[in-house]
Amino acid sequence: MTDLPDARTARMTENPAPLPRSDRLARFFASDLWWSFRSHPMAMAAAFLLVFLIVAAFAAPLYVPQNPFDPAELQLINAEIPPIWMEGGQWPWILGTDTQGRDILSAILYGSRISIMIGLASVVLSLIVCIGLGLMAGYYGGIIDNALMRVGDILLSIPTILIAILVSAVVRQMLPPSLRDIGAGGVLVLAIVLSAWVQYARTVRAQASVEKGKDYVQAARLLKVPARRIMFRHILPNTLTPILVAATLNFGMAILTEATLSFLGIGMPASQPSLGTLIRLGNQFLFAGIWWVVLFPVLQLCLLVVAVNLLGDWLRDALNPKLR
Amino acid sequence: MIVFLIKRLLNAAMVMLVVALLAFSIFRFVGDPIQLMVNEQTTQAERNELRENLGLNDPFLVQYARFVTNAVQGDFGMSYRNQQEVMSLIAERFPATIELVLMATIISLVVGVPLGVLTAIHRGRWYSEGLQFLSIIGVSLPSFVIGILLILVFSVILNVAPAFGRGEVISIGWWTTGLLTPSGRAALVLPSVALSFYQITLVMRLVRAEMLEVLRSDFVKFARARGVPAWRVHYRHALRNCLMPVVTMTAMNVGSLIAFALITETVFQWPGMGMLFIQAVTFVDIPVMAAYLCIVSFIFVALNTLVDITYALIDPRLRTARV
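Chains as they are written, first to last, in numbering that gives the first Met the number 0: chain A, 0 to 323; chain B, 0 to 322.
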């Protein structure tokens, strides 16, 4: 690893031209970003941890001993078994079982899948909404811009957690009872997006309004390029850097908000629990001496969010031109 | 200055009106209030009469105006769940939340400021880098997780602090305080530490960033050159110049702490406004939800406006800024 700075200077003094244009992967591996990644052990560790957690969660059905949410596979005889390194621990319940004989490891991995999916869905949805709104506000200015900023001002003056709770509670109430459990994930995504979109849209807007004044946009305008094409093909690629950072940090935030709502009992139902739901269910047994039911979901949640945030922190510094 | 003051206050009033509209819409459109008040035997005619008497057939704006007028006078109606006045329910729980939030704020300042100074003046040493890393973890941990971990360590394993409730309280007028009894003080420890955790990391990072800036300035160099002892330079000269933004942030964050307290209150079964709100949410007790939303937003908006006005008083350049 110590020879990397030399490799970098060598690359810079050499002629960078021989890279084939089409070979995007090679360009990525030759980029400053990749170099920064390779020289930050913390960022690499966080990325490996994150990839490991995601793969472990999504591949879980292939290797865990039971489907923890199929009641047919639960047996009360296996209830309250401690983790395997403690006295009374049994194979294959590596992290022990809960009061219904559910394997904690399987439950955590299945729960992580739900948490990650909700986090991803809300990031993607916010990206779509905020890129659209932010670009329009930044590019056109005027009424759209004013309206967006005003609505944003008002939303920012209500604590975000309150918005998320209210949206989640109210929307769920409006759904017919038969749909409440199935639609819980969708409601959560909506609540997270509505509580977080303002900062996001503002980032895009600020960037877009700076880019708007630059020569290349003026040139495109003079060539009568349609506004939509200017926004999405010319301005958007130049604003992607801060959006990428915001999206990463937002992913961590979304997982946290989801976990908090589920913990408060207005998120995922017990029939398809996310990590937050598992923590809420386990929390009831905290004083019963079966601490593993709550501690392991808590640790998994922390690992997940810490990995995402470390990655986001590094990305913010690596992509910040002032810090180079 | 007068123009700025009026503009800022009007702005705050606008925000509050929108919040009230939000609260009122929840009131009006989630579930039918008549459904919740009548029983099976009520005839359609009686229902219509009740609807007319309650003013539910009036135009939307008239109803909204009535809601705002009542809310300003502190009348949010009756709770659906326990048939008590919403305002008296909230007034009962208000002191518990405020005590918790103030305690958390004090802890965050007492712990966060010295840590920030330390990490700034010993920048690059292993312990300050370690603290920086810990602060990222602190930001990543949701507050209910911190609460659960504290309970697990201090109540379940060590059994040194109570994990729920508020202990014994003493009432002074309408205010109830747990600060005057040993059990009340003991009960306050874990929840306020849990609530202050996130705030500590914020204060620490802010003080560190400000200190790094101030330590580079000429007057600090001059003080050093004059032979002023290091601790005096750091704590008397430099720190004083960092405190302004810290005070601002702390004041502004009290509002969001009140909102976030609802998570801590749920974990520790702390009988505050937040727990009332969460119970209201699970039972769809809409008047309580609406009242909580209005009150917390009001505190939030009032603090922000106050900070802005104070700033404008101190720094005239801000008066012309976009309001």
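Careful, some of the hints might be misleading.
Rough simulated footprint, nothing fancy, chain A against chain B, three-plus residues with beta-carbon under 8 Å [unchecked claim]:
(1) 229-236
(2) 281-290
(3) 293-300
Listing some non-contacts, in silico: residues in chain B with all C-beta distances to chain A over 10 Å [as the list claims (entries may be wrong)]:
(4) Q82
(5) L130
(6) S142
(7) S255
One-sided and incomplete, this derived list gives chain A residues near chain B with beta-carbon spacing under 8 Å [what the hints assert, rightly or not]:
(8) G151
(9) I153
(10) S156
(11) V169
(12) T259
(13) F262
(14) I265
(15) N282
(16) V305
(17) L309
(18) D312
(19) W313
Note that these hints are calculated values from the structure, not bench results. C-beta: ideal position from N, C-alpha, C; glycine also.
Consistency of the hints with the structure:
no.	hint	in the structure
1	229-236	violated (count 0)
2	281-290	holds (count 3)
3	293-300	holds (count 4)
4	Q82	holds, 21 Å
5	L130	holds, 15 Å
6	S142	violated, 8 Å
7	S255	violated, 5 Å
8	G151	violated, 12 Å
9	I153	holds, 5 Å
10	S156	holds, 5 Å
11	V169	holds, 5 Å
12	T259	holds, 6 Å
13	F262	holds, 5 Å
14	I265	holds, 6 Å
15	N282	holds, 6 Å
16	V305	holds, 5 Å
17	L309	holds, 6 Å
18	D312	holds, 6 Å
19	W313	violated, 10 Å
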